[in-house]
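**Q** Here is what each chain is made of, one letter per residue.
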Amino acid sequence: MPNPARPLVAIGTALIALPALAQDGPLTVAMHYTQDQAAPLIACLDAYDADGVTASYQQISYGDYLQTVLTGRLAGQSPDIYNVYSIWAAQMVDNGVLAEPPEALAQFVRDGYGAATVDAATIDGTLWGVPSEVSVYMLVSNMALLREAGIETPPTTWDGLREAAAAVTARNDQGRIETAGFAFAESSSGAGVVHPFYALVFSQGGDVYSDDYTEAMLDTPEAQEALSRMAGLVEDDITDLSIDAYDFPAGGIGMMIMANWYESAIRDGFGDRFDEDVAVSQIPMGDDWRTLQYAFFMGVDSQSDRQEEAWVLVRHLNAPRDGGLSCMGEMLDGLGALTANAADLAAQEAPDAFTRPFVEALENDRAIGQPNVMQAAEIEGMMARTFETVIAGDAEPGPALQDLDTEVEDILFEFY
Amino acid sequence: MPRREFDPGGGGAAPWVFLAPLIAFAAVFFVIPLGFSIWLSFTRWNPLGTPSWVGLRQFEYLFTRDGDFWRSILNTFVFAFGFVALGVPLSLGLAFVFSRARGKTLWRSVYYLPQLTNIVAIAYLWQFVLDDRYGAINRLLGMVGLAGPNWLSDPAMAMVSVVLVMIWYDAGKNMLVFSAALEGVDREIYDAAALDGASPLRTLTSVTLPIIRPAFIFVTITSFITGMGFFALILAMTGGGPRGATEVTALYTYQMAFESLRMGRASAGALILFAIIGVLSILQFRALRGRE
Numbered sequence: 001m002p003n004p005a006r007p008l009v010a011i012g013t014a015l016i017a018l019p020a021l022a023q024d025g026p027l028t029v030a031m032h033y034t035q036d037q038a039a040p041l042i043a044c045l046d047a048y049d050a051d052g053v054t055a056s057y058q059q060i061s062y063g064d065y066l067q068t069v070l071t072g073r074l075a076g077q078s079p080d081i082y083n084v085y086s087i088w089a090a091q092m093v094d095n096g097v098l099a100e101p102p103e104a105l106a107q108f109v110r111d112g113y114g115a116a117t118v119d120a121a122t123i124d125g126t127l128w129g130v131p132s133e134v135s136v137y138m139l140v141s142n143m144a145l146l147r148e149a150g151i152e153t154p155p156t157t158w159d160g161l162r163e164a165a166a167a168v169t170a171r172n173d174q175g176r177i178e179t180a181g182f183a184f185a186e187s188s189s190g191a192g193v194v195h196p197f198y199a200l201v202f203s204q205g206g207d208v209y210s211d212d213y214t215e216a217m218l219d220t221p222e223a224q225e226a227l228s229r230m231a232g233l234v235e236d237d238i239t240d241l242s243i244d245a246y247d248f249p250a251g252g253i254g255m256m257i258m259a260n261w262y263e264s265a266i267r268d269g270f271g272d273r274f275d276e277d278v279a280v281s282q283i284p285m286g287d288d289w290r291t292l293q294y295a296f297f298m299g300v301d302s303q304s305d306r307q308e309e310a311w312v313l314v315r316h317l318n319a320p321r322d323g324g325l326s327c328m329g330e331m332l333d334g335l336g337a338l339t340a341n342a343a344d345l346a347a348q349e350a351p352d353a354f355t356r357p358f359v360e361a362l363e364n365d366r367a368i369g370q371p372n373v374m375q376a377a378e379i380e381g382m383m384a385r386t387f388e389t390v391i392a393g394d395a396e397p398g399p400a401l402q403d404l405d406t407e408v409e410d411i412l413f414e415f416y
Numbered sequence: 001m002p003r004r005e006f007d008p009g010g011g012g013a014a015p016w017v018f019l020a021p022l023i024a025f026a027a028v029f030f031v032i033p034l035g036f037s038i039w040l041s042f043t044r045w046n047p048l049g050t051p052s053w054v055g056l057r058q059f060e061y062l063f064t065r066d067g068d069f070w071r072s073i074l075n076t077f078v079f080a081f082g083f084v085a086l087g088v089p090l091s092l093g094l095a096f097v098f099s100r101a102r103g104k105t106l107w108r109s110v111y112y113l114p115q116l117t118n119i120v121a122i123a124y125l126w127q128f129v130l131d132d133r134y135g136a137i138n139r140l141l142g143m144v145g146l147a148g149p150n151w152l153s154d155p156a157m158a159m160v161s162v163v164l165v166m167i168w169y170d171a172g173k174n175m176l177v178f179s180a181a182l183e184g185v186d187r188e189i190y191d192a193a194a195l196d197g198a199s200p201l202r203t204l205t206s207v208t209l210p211i212i213r214p215a216f217i218f219v220t221i222t223s224f225i226t227g228m229g230f231f232a233l234i235l236a237m238t239g240g241g242p243r244g245a246t247e248v249t250a251l252y253t254y255q256m257a258f259e260s261l262r263m264g265r266a267s268a269g270a271l272i273l274f275a276i277i278g279v280l281s282i283l284q285f286r287a288l289r290g291r292e
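Each protein sequence line maps, in turn, to chains A and B.
When you line the first sequence up against the working numbering, it's residues 1 to 416, in that order.
When you line the second sequence up against the working numbering, it's residues 1 to 292, in that order.
None of these hints come from the bench; they were simulated from the model.
Heads up, some of the hints might be wrong.
Stretch by stretch, here's where chain A covers chain B in the computed footprint (C-beta under 8 Å, at least three residues) [to be verified]:
id	region
1	120 to 126
2	132 to 142
3	202 to 215
4	229 to 243
5	253 to 260
Note that beta-carbon positions come from the ideal geometry of N, C-alpha and C, so glycine has one too.
Construct the complete structure from the given sequences, taking the supplied hints into account.
**A** Structure below.
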């Protein structure tokens, strides 16, 4: 006679065995790159076998990354290795999501990566992973439009940018901007206006937070000056918020402050004219210009049962191979993305004319890291709304920044 | 031995056994999540960590210090009222016209098609159509020398745009409800009205509309509830922008929960929205029923 309890016992046994099975499975590396983009890295993971420990790749879309991590952890299904956007890091560290790397790996990072990029993976003085992709903002110009307006070189000052943009801007018969001298990027995160704002503030010697993050510095003269400069472009009819810098590849925008990762889209849009018509140059804020960089870094989940093996894999993926590129370096090189890994930079071919200014900004310490503050995404969303309101002419920079400063300090007060 | 009669109200475990799947479903998918959400609204919880009890502080913050929350409530009312005020009469009009049209099945199918389409695809489609610079509408207007509005980058026009697209998306569904109600009206009543000399307008207002009042109540209330809680279209089409002009409360709480990682405050916001929708639905239902 069949025992009715037998299926239940079998299910129970299987459930108990699952964690043990998971320990024998491959280490999981979760990143936002598509399978095609990550192909060189996936090849490395497929080939990886360290004393029986293997690895596999998990793609999580950028927009869903943090949510997927959250729900995965609630369900006990988190990956072993993350690719963390640096502004998520403070919250992940504060809540014990990330494991601290072994000292040997921390030394590997400190010895082999640019200082500002190491800072991106550092919270309260502790390093939490190995930097992977770095993005830097620079002025990107459509030289065909600038030349048509009689301008032969990209501007290096804000006044120069205003003059050049004004010369390029053209309206159609209905008064709508047909060709825009300058454009801000529309993005759900608000980065399209917030990141250029950071670059302008840094260029004026200002900062956005105090060093210990207890105070916002959004009501400073530098912040007001930066936002006034941005708003002035709309006020003087040089651009408006219906123009999206992500339309730059279509050819109707003269200049934008954009990160290097947009190169492939611009290249696709300009085709054969790319090398001749697209120029990358300094943030147009004079000789003391600075810019913003942000980074991703590879960290290990604190709930992983195999943290030691995971860190070995992280190092394997970022260490040079026979004097050549590391696995991560090969993938980033294929994407046209930047790395701050000195060994990879030495092993790479000389960067093309588009990429070189971004690399030089990193090498010359012009690129300042995005602050790793708690609730960074929420704060930058608030900043974006305030900046867009001012840029649209619906508020004055001074009072708007004063209010924003108070709201941001309310959030900082919760955590610092 | 006397034969046992079935007694649905009698004792025994049988009713509970038969109801058990439904009760379990309701408990797992309605009661427990609602209870968890209510509990969360009294906590501060970043889902990376553990919840901590904060009493009424999340409600206090939303009511007294969060201007964006109140603006989202206002946006929600504008969106819902726009959707109901324009969408319900349009659906009724379409149903009325098609009830007398040749090929009415085809027409009804055509107007129902948006309901069969993914809402994100609809949002992207309309983004292309309404794009300020490259959109089809402004390009066509430009060809006749007219400067079209900034459909998606002007705050007022963006709200108008999402309301219109929502009506376009939902009109077919409500039209079907009205069509079914209109088909159910006895033709003899119309004949009697005609014999009494009633004009078409008088027939509509004194005969048709009173008879289909239950359908009207159903469509109005369900459309209002849909409008108050809907945000997928807005999320994909404008993301709540420009400058928060289309940020409705459901979207605001979604972003609060999953982007700002403030689950407790988001739960409190969702409960406030739930209470508003509940109270207004009851008032609306009573008002509409009371006029019968």
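**Q** Evaluate each hint against the coordinates.
**A** Hints, verified against the model:
{"no.": "1", "hint": "120 to 126", "verdict": "violated (count 0)"}
{"no.": "2", "hint": "132 to 142", "verdict": "holds (count 6)"}
{"no.": "3", "hint": "202 to 215", "verdict": "violated (count 0)"}
{"no.": "4", "hint": "229 to 243", "verdict": "holds (count 4)"}
{"no.": "5", "hint": "253 to 260", "verdict": "holds (count 4)"}
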